[in-house]
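Spelled out from the first residue to the last, the chains are:
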Amino acid sequence: MDFSSTVASQLYTGAILPESIVILTLVVVLVGDLIVGRSRSGWLPYGTIAGLFGSVVALYFGWDNPNPVAFLGAFNSDNLSILFRGIIALSAAFTIMMSVRYVERSGTALSEFICILLTATLGAMFLSGANELVMIFVSLEMLSISSYLLTGYMKRDPRSNEAALKYLLIGAASSAIFLYGVSLLYGLSGGETILSNIAANIVDAQGGESLALAIALVFAIAGIAFKISAVPFHQWTPDVYEGSPTPVVAFLSVGSKAAGFALAIRLLVTVFDSVVTEWHLIFTALAILSMVLGNVVALAQTSMKRMLAYSSIAQAGFVMIGLVAGTDAGYSSVIFYLLIYLFMNLGAFTCVILFSLRTGTDQIAEYAGLYQKDPLLTLGLSVCLLSLGGIPPLAGFFGKIYLFWAGWQAGLYWLVLLGLITSVVSIYYYIRVVKMMVVKEPQEMSDSVRNYPAITWTAVGMRPLQVGLVFATVVTSLAGILSNPLFTIADSSVTSTPMLQAANHPKNQAVALVDQVPIEAPAIAND
Amino acid sequence: MLSLLLIIPLLGIGLLNLCPQQFSRNIAAVTILSTFSISTWLLFGLDLSNPELQFTEFLPWLEILGLNYNVGVDGLSLPLIVLNGFLTLVAIYSIGENNNRPRLYHSLILFVNSGIAGALMASNLLLFFLFYELELIPFYLLIAIWGGKKKGYASTKFLIYTAISGLFVLGAFLGMTWLSESPTFDLENLTLSNLDLDTKIILLTVLLIGFGIKIPLVPLHTWLPDAYVEANCAVTVLLGGVFAKLGTYGLIRFGLQLFPEAWQSVAPVLAIIGTVSVMYGSLAAISQRDLKRMVAYSSIGHMGYILVATAAGTELSVLGAVAQMISHSLILALLFHLVGIIERKVGTRDLDVLNGLMNPVRGMPLTSSLLILAGMASAGIPGLIGFISEFMVFQGSFSRFPIPTLLCIIASGLTAVYFVILLNRTCFGRLNNDLAYYPKVILSEKIPAIALTLTIIFFGLQPSFLTRWIEPTTTQFVATMEMQTIALEAEQPFISN
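Protein sequences, first through last, are from chains W and G.
Okay, so the first sequence: first residue is 1423 according to the numbering used here, each after it adds one.
Okay, so the second sequence: first residue is 79 according to the numbering used here, each after it adds one.
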C-alpha cells in the first residue's frame, strides 16, 4: 500500500484522465459494435461525441494543475497542453459529427472509422503534452499511422488509395528523419530523453551551438513541418486532401495541425532554446514560403478540397508568424488562431461535405447559384470562408489581427506585411466561392445545383451534420466579437506555462507587454 | 445613444429577413428613418462651443489587442453620419421596382449604413479599421449582384483595391500605435509628437496611400470608373456619396489631426496630387460618351478639391473641405439617382442616343430639369450648395497654394463645360418619335430627387446651417496644427544640438 501510493503520487495518473476517457470510449465503441453488430450501431457516434466532450470536461478540471509533470517526466499536463488537447478533442468530435452520413453512404463500417479516428485523437492529445523523446515519437507515430489508415479508408476509391500511399511514403520518410534528429539529441545530451534535461545537458556540454545540434534541429523541424504542412514539406497536403474522405481531411487540417504546433512549441522552446535565433530564422523562411505559395497556388484551384488544402498551407503560414514572434503574445496568438481556425475550417468542411453528399461533386464551379436552393449551406460556407479570409466582424479577422499585432510587437515587420499582402490575395479565392454561390443568377446555375435534391435532414447522420454546421457558423460569426474569454484563456495558458515563461522572461522584451494585461484584467472578469 | 445608430440597422436586418419579402423595402426605410432622426436629433444636441468628441461611449472590449469600443462624434463626423442616413434612404428608393432579391439588397444596405456610421464615430484606430473593412464584402456583393454587364470584373477590381487600401491603413495604424508605445489603439492615447519627422512622414505616406485609394486620388483611381459605372445607380449613390467620404474623413481625422508637422511637409505634394486629380477628372469627363462614366469622372475631380483644401490647412479651407465633402455627396447622389432613372426608363446611357428628354409630354421633364439643376450645382453656380463649398475651398487655399488653387478654379470652369455637353445631349434637342415611349417616373423615384434638390438649394441659400456644425471642430484642428508646428519649430534647435 505504501509503495503503491508513493508511485501513484509520482505518476500523477490524474493528468491523463482526458485521454483515459477517450481510450475508454474507443474500447466501448469497438467492443459494442462487435456485440450488437452493424445494423444496430446508431448510438456509436453519439456515444463517441459524449466521450470526447467528457474528455474536454476532464481537461477543464485539470486546468491550473499544480503538478503538471506526470509519469516521471514523460507527460506534461500544463495549461498549454490542456488547450491543445482541447482543440484536438473538439476537432475529433466535430469530425465524427460530419462523418456519420459520409461514411454511411460509402458503405464502410462506421465503428472502425471512429476507432481509428479516436486513436489518431489520442496520439495527437498525447503529442500535445509529450515531454520525453520516446513518448513524442510514439504518440507522433500513433497519430501518423492512424492518419494513413483514415486517408485510405475509402478503399474502393482509387484516389483514396493513392492518397494513402503518398501520405504513407512521405510520412514515413519524415518520421525517419525526425527519429534521426531525436536520436542525435539523445546522444548529444549524453543519454537524456526528458526534454528539459536535454536542454540543460546540451548547453553544458557544447556551450550552446554545434553542428550536430543544428542537424538535430533541422531534422526535428522536418518532422514537425510535415505535420503542419509548411512549405517545402507540404506536397502531400493537396493530394491527400483531395483523395481522402472529407471528414478525415477536416481532422487532418485542424487536429493534426494543432498537434504539430503543440509539438513545435514544446520541442523548440525547451530543447532548442540555445539555438533560438536559428530556428526562428528557419520558421521565418517556412512562414514566408507557406504564405506565398499557399495563397498564390490556391488562386488557381478548381476543386474545393484542393483549394482548402492550399488555404490550410497558407493558414499554417499565418500561424507561424506567432511562433516566430516567440513572445508571450506570439504563442497566445497561435493558440487563439488555432482555436478559431477549428471552427471556421471545420465549418467550411462541413459545408463541403454537405454539398458533396447532395450533389456528389467538389468542383467550385458547381456551386454556382446555390443561394436559391440551399440558403443555409450558402450562409454557412460564406461565413466560414470569409472568416478564413479575415473579414470583420468574423472570428478570423480577430485571429489574424492578433497574429499580426503580436508579430509587429516582436519587430517582424516584413513578415507581418507579407501576411497582410497574402491575406488580400486570399480574399480573392475565398470570395470566388462566395461569388459562385451568392452572386450567380438563377440562369447561370450549374447543373448540380439545377438538379439539387430537396433539403431533408431526416436521413441517418444528417442531423449531426446540421447541428455541426449551425454551431460552427454561429461560433465563427460571434467568437470574434465576443472573443474576450478566448483571448483570456489563450493568454493565461501561455503566462501560466512555466516552460514558455522560462524561455521568454529572461529576454525581458515581452514582459512589459504582458504585464499590461493584468492591470486591466479585473474589468474583463467582471463582465 | 450613438450605439443605437449601429444596432438599429442590425435589428432591421433581422426583422426584414423574418418578414415576407414584399415588406423588406418598408422595413428598411423605417429602420433608416429612425436612425436618421436619431442622428439629426444628435446634430441639434451637439454642443457647438465644444470642439471635442461628444456623446462618447466607452466599453472595454479586447484589451489584449488594445481594441476598445470607443465612440464619439464631433463636427467633422456627425454631419457625415446624418448624410449617411439620408443617402441610404435615397439608395433604398432608387433601386427601381424590378429588384429581384429585395431581402438581400436591403440587408446589405442596412449593413453598410451601420458600418459607415461605425467608422465615422470610432475613436479607436482598430475599431475604425474594423468598420472600414466591414464595408468590403457588402459593397462587393452590391456591385456584383445588381450591377451592369461587366459587374464581375468591376466588383473584383473594387474588392482588391479596397482590400489593399485596408492593408495600407492597417499597416499605418499598427506602426503608429506601436511606435508611439501606446498600450491601446484609442485615439486619445496616441502621442505621436515624440517621433522624428522622417518616421512620421513614412507613416503619413502609408496612410495617404491607403485613404488615397478610397478617395480616390489620381494614380490610384482606376477602380472608380469601373465600379461606379457597373454598379447599380442606387449602389453608386452610397459608394460615391458616403463610402468614398470615409477616405477623406480618414485623411482629416488621422492625417491632419495626428500628424500636424508631417502634414506641413507633405502638403505641397498633396496639393499637386489634388490639382492633378481635379484637372484629370474634368478633362476625362469631357471626353466620355457615357452618362454615368461622365458623372463618375466628375466625382474624381470634385474629390480633388477636398485634397487641395485639406492640404492647405487654413481654417477656411479645412471648413471648406468638409463642406465640399457634404455638398459633393448630395450632388453626386442626385446626379446618380437621376442617371439611374434615365437609364431605367430610356434604356440607355449613351450620350449619342439620348435626346430631348425635356419634352413636357413624352419626355421626362421633371427628371431632366432636376438634372440641369444638379449639373449647375456640380459646376459651382451660386445659390446652390456646390458654389458655397467650392468658394470656401478656393478662398481658403489660395493664401497657401495660389497656383494649384487657380488651376482648380480653371477646372471648375471645365466642370461647367462637360455638364453643358451632358445636358445639351440629354435634355435638349428632339425626341426620337419611334423610340420615345418611356414609362412614367413614379412617385417613389421622384421623392428622393426632390428631397435632394431641396437640400441642395436650402444649403446654397443658407450655408451657415451647414457650416455651423463643422466650424468649431475644424477651427480646433487647424489651431492645434499651427500650435504644434510652432512648438516644433521652437524645439528644433535643441534637437539639432
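Do not rely on the hints blindly, as some may be mistaken.
What the hints assert, rightly or not - From the structure, some residues in chain W lie toward chain G, with a derived Cβ separation under 8 Å:
no. : residue
1   : V1479
2   : F1483
3   : P1815
4   : F1826
5   : W1827
6   : Q1831
7   : L1840
8   : I1843
9   : V1846
10  : I1853
11  : V1860
To be clear, the hints were calculated from the coordinates, so they are not data collected in a lab.
From the three backbone atoms N, C-alpha and C, an ideal C-beta is built for every residue, glycine too.
Check your understanding: Is the interface hint for F1483 (chain W) satisfied, with its Cβ closer than 8 Å to some Cβ of chain G?
Key -> Cβ of F1483 (chain W) sits 25 Å from chain G, so the hint is violated.
Review point. Given I1853 (chain W) was flagged as interface, is its beta-carbon under 8 Å from a beta-carbon of chain G?
Key: Result: holds, 6 Å to nearest chain G Cβ.
Practice item. Grab the minimum C-beta distance from V1860 (chain W) to chain G and call the hint holds if it beats 8 Å, violated otherwise. Key: Since chain G brings a Cβ to about 6 Å from V1860 (chain W), closer than 8 Å, the hint holds.
Check your understanding: Hint check: is the beta carbon of F1826 (chain W) less than 8 Å from a beta carbon of chain G?
Key -> Constraint on F1826 (chain W) satisfied, holds at 7 Å.
Practice item. Answer holds if the nearest beta-carbon of chain G is closer than 8 Å to that of P1815 (chain W); otherwise answer violated. Key: holds (7 Å)
Point to revise | Interface hint outcome for Q1831 (chain W) [beta carbon to chain G under 8 Å] | key: holds (6 Å)
**Study point:** Hint validity - V1479 (chain W) Cβ closer than 8 Å to any chain G Cβ
**Key:** violated (26 Å)
Review point. Can we keep the I1843 (chain W) interface hint, with Cβ of chain G closer than 8 Å?
Key: The hint holds - I1843 (chain W) has a Cβ within 8 Å of chain G, the shortest such distance being about 7 Å.
Exercise for review: Would you settle whether the hint for V1846 (chain W) is holds or violated, based on the nearest Cβ-Cβ distance to chain G being less than 8 Å?
Suggested key: holds (4 Å)
Check your understanding: Going by Cβ atoms only, is W1827 (chain W) closer than 8 Å to chain G?
Key -> This interface hint holds because 6 Å falls under the 8 Å limit.
Check your understanding: Holds or violated: is there a CB of chain G closer than 8 Å to the CB of L1840 (chain W)?
Key -> violated (11 Å)
Comparing the model with each numbered hint stated earlier shows that hints 1, 2 and 7 do not hold.
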